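Following the hints, put chain B in place on chain A, whose structure we already have.
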Amino acid sequence: MTDYAIRFPTSGARAAWRFASSPGWSRRIGVAGVVLLVLVALFAPLIAPYGPNDQDLVTGLHGPTWSHLFGTNQLGEDIFSRVVYASRIDLQIGIVGVTVPFVIGTTIGLFAGYYGGWLDTIIGRVIDIFTAFPFLVLVIAIVAMLGPGLRNLYIAIAVVSWVAYARIVRGETLSAKRREYVVAAHGLGYSGLRIMFRHVLPNVIAPAIVFSMSDFVLDIVAGASLGFFGLGVQPPQAEWGVMIADGRNFITTAPWLVVFPGLAIVVVGFFFSLLGDGLADYIRRVDR
Amino acid sequence: MSTADSSGLAVEDLTIAFQGGRTPVVRGVSFEIAPGEAFGLVGESGSGKTLTCRSVLGLLPPAAEIGGSIRLGGRSLLDLSNREMQQLRGSEISMVFQDPMTALNPVLRVGDSVAQVIQSHRRIDRRAARREAVEIMGRVGIRDAARRWRSYPHEFSGGMRQRIVIAMALASQPTLLLADEPTTALDVIVQAGILRVIDRLRREESMSLLLVSHDISIVAGMCDRVGVMYAGQLVEIGPTAEVLFRPRHPYTRALIESLPEAAAEGLLPTIPGSPPEPGNFPESCAFAPRCPLVTAECRAAPIPLVPLGAGHESRCIHIDRLHAMHLSPETELVAGESDVV
Chain A
1 MTDYAIRFPT SGARAAWRFA SSPGWSRRIG VAGVVLLVLV ALFAPLIAPY GPNDQDLVTG
61 LHGPTWSHLF GTNQLGEDIF SRVVYASRID LQIGIVGVTV PFVIGTTIGL FAGYYGGWLD
121 TIIGRVIDIF TAFPFLVLVI AIVAMLGPGL RNLYIAIAVV SWVAYARIVR GETLSAKRRE
181 YVVAAHGLGY SGLRIMFRHV LPNVIAPAIV FSMSDFVLDI VAGASLGFFG LGVQPPQAEW
241 GVMIADGRNF ITTAPWLVVF PGLAIVVVGF FFSLLGDGLA DYIRRVDR
Chain B
1 MSTADSSGLA VEDLTIAFQG GRTPVVRGVS FEIAPGEAFG LVGESGSGKT LTCRSVLGLL
61 PPAAEIGGSI RLGGRSLLDL SNREMQQLRG SEISMVFQDP MTALNPVLRV GDSVAQVIQS
121 HRRIDRRAAR REAVEIMGRV GIRDAARRWR SYPHEFSGGM RQRIVIAMAL ASQPTLLLAD
181 EPTTALDVIV QAGILRVIDR LRREESMSLL LVSHDISIVA GMCDRVGVMY AGQLVEIGPT
241 AEVLFRPRHP YTRALIESLP EAAAEGLLPT IPGSPPEPGN FPESCAFAPR CPLVTAECRA
301 APIPLVPLGA GHESRCIHID RLHAMHLSPE TELVAGESDV V
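So the protein lines, in turn, are chains A and B. Every letter in the first sequence is one number past the one before it in the numbering used here, and letter 129, counting from 1, is 129. Every letter in the second sequence is one number past the one before it in the numbering used here, and letter 13, counting from 1, is 13.
Hint data in this document are derived by calculation from the structure and do not stem from the laboratory. Nothing here was measured: the structure is a model prediction, and the numbers come from that model. Beta carbons: idealized from backbone N, C-alpha and C, even for Gly.
For the chain A half of the interface with chain B, some residues (derived, Cβ under 7 Å), not all of them:
1. Glu180
2. Tyr181
3. Ala184
4. Gly187
5. Pro202
6. Asn203
Per label pair, the in silico range of CB-to-CB distance:
7. A/Asn53 / B/Pro106: 50 to 56 Å
8. B/Pro106 / A/Ile29: 28 to 34 Å
9. A/Leu119 / B/Glu155: 33 to 39 Å
10. A/Gly124 / B/Arg150: 38 to 44 Å
11. A/Gly149 / B/Glu65: 56 to 62 Å
12. A/Ile29 / B/Arg150: 28 to 34 Å
13. B/Ala64 / A/Leu42: 55 to 61 Å
14. B/Gly193 / A/Thr131: 51 to 57 Å
15. A/Val103 / B/Glu155: 30 to 36 Å
16. A/Gly230 / B/Pro106: 46 to 52 Å
Chain B extracted, bound-state conformation:
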């Protein structure tokens, strides 16, 4: 691990398991986010990216067992008391949730939802909090916020609601913003607007951002560095441009190649098979069963993350053969399986 700036976020060897450790879902994840840096976590559903994200805020389900360390600004978050964690949430760390349809309290006026965040972390009277809320709502792109703060969530569209959720997350001027699939529930057109707002405000406030998404193209446009998760592990991590244009893991490469934008004419390349279920993660390379480059060595022992320079690391021992990797639609047809990435 490189030495992190002490004011950033440092996740080290994070493990999350259920059922008394019998079902590990996150296995030894380490990454750092420097102040003002945007870091993306990419992976399929079930790869552990959302749990990793939520663990930073201490929002894991009660049954989850967590190991490793999460440090923010030199404090170990896993050692904080409930009260200390509560003070941290919403003030230093905020989160934008996936589905704005469910993340807003249906009986609160949207303006009050935002004002409450301000009020809960500062001594400020209601009127002033509301004024500030309206101002923040304007900044996240809600037109005519001075009038519309009185609306209820059901009177807003999905995109507008997500802007409110973002306004709530930003209301307390956090140093770290977590965004868990912030646009998955939204239309593509709305999506772009929301991403722009997050990106602009992050830069303006010089916040750190942890962006979780299954869509590598979203992360590509937003993040300085990116980590690719598979079966609870980081399989590749590095600067976004590096990982995107010179992927050093077969899974990352397959992910990128199966993007509709990247595909040549004809059938879309797919990755055969499906990812392993939590509880069935192999000790060895988890991607081996689906990997075109697999050898006996891959299935023999755990594969470590190998540093490749410039902060780029990959959990693959066949990097030298990667250029020969061929992922074609035919692979899928032959395998006779269909799977969605």
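With the rest of the complex left out, here is chain A:
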């Protein structure tokens, strides 16, 4: 048999460009914003005027000035530089936290929906069990069990959030597998795997991709929350949640310590939501 590689309608780059250049201001802002965030993360050392852990106790706890745009913390670390460097960790949490569950959940959902029967029943029950717990509660519980740290955070997110993808893809697959082209693929003597990955998957993946955008934000918030609780990224590493946790003792006297990392989370959420909405619109339109 030939490859089972997942292939998308057009080359990814071309599809992305077509999406990005399609009309709609909110979509363009979303795309531009996300691209900007990625660039900031990639070129953090060039953008940040100081290192994330460059201490200067003399200038500690200063408000925003021209030399320290977002001010400094009690150790004299430059908040702007820390926010910029933290974007690397936080975007990484988003990317890993989306990719791993996306792949696992999509595959499981595809199998459950396509083969049905007892497999679907079992997977359906497991999905129900996971869905019964709030996302964050389960993530915190798992990290608390495994011990703090970035790697365990990824494990926790993967364990919890594959469920959402599995549920979405399973439902889509249930309806897609009854479509005539799937029956036709069957009639052409294609193997089950081939039909699943080459004929069903490309037709059911869109809603999962749209969801992954809000999941991305969710993961970053989860990462920041765990950082805040001291369960995720460990200080002194710069991470938005950790920074907020660090600064909360000074919230009345030096609000910039929490405001700027908090704003960073808001900005990420804003741009990714715009992108997700735009993507949903776009897919709905292309589907017609």
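Just chain B now, kept in the frame of chain A:
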């Protein structure tokens, strides 16, 4: 049954039922298709013709229970394992589906759809498969195939899409082609072109063809022999010319008479009443409630297929009175029912 050539398709006493046998939809259908022969199945929706067709490819819904035998080239298809059946599909048996709008994967380039069929049944690299796909697309009448293979289904018209579906079915050089209402979803003008393509390629490749249609005139133009289905049974089967010009069953005759082309001026003759629902098929003649020739005998017992010579068979015991059958528009008006055939 006459002895079939062992390399043809032989369907014998095929039964398909749902709900644990309580809803039979195909009842004891037998027919053969010799190599290179075109056989047509005609009937109304719900007569079981599509299920009969799909059962050959093993594409029945999982809830269906199937009985009887289907043999191709001496192999019993119903006894094959899933894997063996999978190898047969798309290589020896192919199918042209009814609606080209839904039968093509919307996210695959049409050329890739065709190339995939070639690749899935032969060791061949992608480039060569594509070349071959373009060649086949040309043969089914897609102009400028070398350029247009990159299109997606939504960029094609219905007729062009159906040509792609046909190209996919032919890509693996099957010995048996199943066509389930291949032109029902298309305009009349496009329809003729599609039928011509199927007919020409069938002859060129000397394939057997099983053509399913509700339109007896399509089958008439394409098929060597024809079977007429009603309520899950074959009510008449025979050489096309025989069945068409000397129908030996009241239902066939009514079907032909209610063709717009055949009707004299004035109102179009119709068949009063409607066919029985699956699950309510009578043991006796299923057409009896609508038949102008009906007698008590028709309702008493199952009617067998009676051989009439030259491979012509009919499931009617009143063949001798058939010439007296009168089907007029008035029949319908009196009955006060309207029904579409």
